Amino acid sequence: MLNIKNLKAQIEEIKILNGINLSVNAGEVHAIMGPNGSGKSTLASVIAGKEDYEVTDGEIEFESEDLLDLAVEERSNKGIFLSFQYPVEIPGISVSNFMKTCINERRKQQGLDPMPATDLLKLMREKMELLNINSGYLSRNMNEGFSGGEKKRNEIFQLAMLNPKLSILDETDSGLDIDALKIVANGVNKLRTENNATIVITHYQRLLDYIVPDFVHVLYNGKIVKSGGKELAYELEEKGYDWITKK
Amino acid sequence: MSLINNLEKYSKTLLLSTEEKNDLNSFFSSGFPNISDEEWKYTSLNKIVKNDFVVEDLPVFDEDNIIDKVSLGFKNKIVFLNGKLVSSPKIDGITISDFKSFKSKTNNSILSLNSSMARNGFSIDVENNTVLNSPIEILFLISSTRNTFLQYRNQINLGKNSNLKIIENIHSIHENLAFINHFTQVKCDENSIFEYNKTQNNKDNFSLIDTCNIYQEANTTSSVNTLIFGGSFIRNNLNFEQNGENAESNMNGVSVLNGSQFADNHTFVDHKKSNCRSNEVYKGIYLDKSKGVFNGKIMVRPESQKIDAFQSNNNLLLSDESTIDTKPQLEIYADDVKCSHGCTIGQLDKEALFYMKSRGLAEKEAKALLTYAFTNEAIDKISVPEFKDKCEKLIAEKLNVKLDFNH
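Each protein sequence line maps, in turn, to chains A and B.
Sequential numbering of the first sequence, starting at 1, is according to the numbering used here.
Sequential numbering of the second sequence, starting at 1, is according to the numbering used here.
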């Protein structure tokens with residue numbers, strides 16, 4: 001599904017990604033771990049298409065198509081979803097209004113009529129239930145005044161609504177207490193199928209107890225320095241990143 | 001000929017009272033305001049008044065379905081065609097009549113011009129205890145094959161415990177210049193509630209000076225929502241005077257301008273009694289070479305304690321060539337007062353745009369939605385759903401997107 005080859009990227013002349021190679025197939029969960037500043041969030045942003053980063057070398061293919069030529073929204077509409085580490089507050093636009101606009105703009109591009117309001121509401125309620133979100137939530141402004149946990153839940157709610165092929169969860173566990181973590185992880189797990197894939201970016205092994213990865217990669221200095229199965233995460237938890245980075 | 005000459009000539013055709021003569025002389029001695037006047041520092045009338053205008057003298061026109069096209073469809077409609085009142089509704093407890101001469105409490109050259117020679121307008125008297133649930137829609141439609149100068153002089157009197165909502169639209173249809181000097185005086189007696197919704201949506205041949213003076217007695221709430229979507233020149237003077245305790249004055253404004261359009265909102269709240277409130281939210285969005293001015297004056301008199309006054313003016317400059325001059329002007333002479341104000345000038349938040357695009361919205365739609373979100377704090381205060389819908393449609397139209405901003 002996703003093929004990254006020798007990806008190099010920089011921001012304002014500062015090299016951050018120094019040759020990433022990664023393959024993700026449908027049905028798989030990949031965890032990307034690494035110390036602060038290793039390039040984890042940059043990798044997520046570059047896949048999503050954030051313009052601040054300049055890709056200087058390498059390629060990203062998504063379903064055999066060159067991704068680097070596509071705009072942010074085109075990547076989204078091809079089925080890539082980024083759950084933000086720091087979701088943006090948008091005062092003045094409610095969750096339901098935002099979701100309605102996103103869904104219907106996508107349908108417009110697919111040549112479909114807008115989704116009838118009652119169907120849309122039904123769909124939203126169904127996904128809210130999945131994430132234990134109460135009903136007052138839809139009329140609140142996007143992320144405005146949300147707690148850390150509510151913001152992350154709102155990310156996964158949008159993920160559920162947009163039903164992407166590839167989900168990238170950037171530090172979804174940060175700012176979550178253990179109960180919220182379980183709810184969010186449970187939501188992600190229920191949305192998994194053999195046709196979609198997930199990349200989980202995290203500092204800690206904790207989240208991986210709930211979203212169990214098939215592969216774990218360690219990112220350091222903009223390169224994947226070690227890959228393995230889920231047991232690699234436990235090893236990192238026990239020995240720290242020094243174990244790998246000092247080699 | 002320039003407008004001053006046109007006006008001089010026109011004044012000779014009128015029979016003027018002594019007072020009107022005095023007002024006229026005072027106008028001619030000072031002339032139109034110019035940029036050396038502090039209140040008009042950023043706002044020049046020169047380009048308009050140098051033109052040759054026909055003053056007032058226009059036939060009523062008969063345009064196919066024009067009223068239906070412009071109207072929001074409310075049952076209670078007052079319609080003016082080229083200055084002449086052509087229809088007004090009959091409503092229990094409310095007397096609506098054609099222009100009546102009245103003296104205004106304050107004066108300046110623009111108002112002197114208006115008080116001396118305006119002969120068009122409406123008068124609405126709401127009896128005590130009359131509550132009208134559906135708004136009255138007032139349409140001022142202008143259509144002419146010549147440059148036109150028109151004046152309206154209106155008054156609204158709300159009785160005790162009454163409630164009135166107005167939707168006003170001054171609209172020019174044809175391609176010639178139209179310049180309107182519009183004045184409305186509103187008196188709100190005790191315990192009354194008043195909401196005045198204005199749309200100013202015209203082509204680039206349209207210029208407007210709209211002065212609205214609102215006098216509030218005790219326990220009244222008065223709100224004016226001003227939605228500006230176009231016109232080559234718009235100057236709004238919105239003045240509130242609180243003459244009784246526990247009065248509340250609300251002002252909300254949204255301007256969305258493009259091309260070389262210009263809009264100036266001057267507001268003034270005079271807190272003359274204690275325990276009163278004012279809330280002011282103005283949002284400006286400027287594209288292309290458009291220009292905006294905001295001047296918000298709040299006066300708290302020495303004897304007025306426990307005043308709660310809030311003012312904000314937020315502006316988005318969406319092009320390199322657009323400009324905004326904004327000035328909060330607070331004069332506070334009492335000590336037990338809560339007064340806050342803030343103004344911002346900025347661009348759309350890049351992080352928010354990336355966030356929205358990552359959910360599949362194209363650049364143009366994401367920008368439009370974010371811009372709409374920016375205006376929403378003001379739009380949200382409008383209590384008439386039909387008017388709110390119309391404004392949301394006009395914002396989408398102005399931003400050139402087919403988005404339905406409705407909740």
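By construction, these hints were calculated from the structure, which means they are not laboratory data.
It cannot be assumed that every hint is accurate.
Claimed, not checked - With beta-carbon atoms standing in for the labels, derived distance ranges:
#1 Gly175/A with Lys306/B: 51 to 59 Å
#2 Lys108/A with Glu8/B: 54 to 62 Å
#3 Asn134/A with Asn128/B: 43 to 51 Å
This one's a predicted model, so the numbers in the text were calculated from it and none came from an experiment.
Beta carbons are placed, not taken as given, at the ideal position from N, Cα and C, and that holds for glycine.
Results of checking the hints against the structure:
1. Gly175/A with Lys306/B: 51 to 59 Å: violated, 41 Å
2. Lys108/A with Glu8/B: 54 to 62 Å: holds, 58 Å
3. Asn134/A with Asn128/B: 43 to 51 Å: Given range 43 to 51 Å: holds, Cβ gap about 45 Å.
Checked against the numbered hints above, the structure breaks only hint 1 and satisfies the rest.
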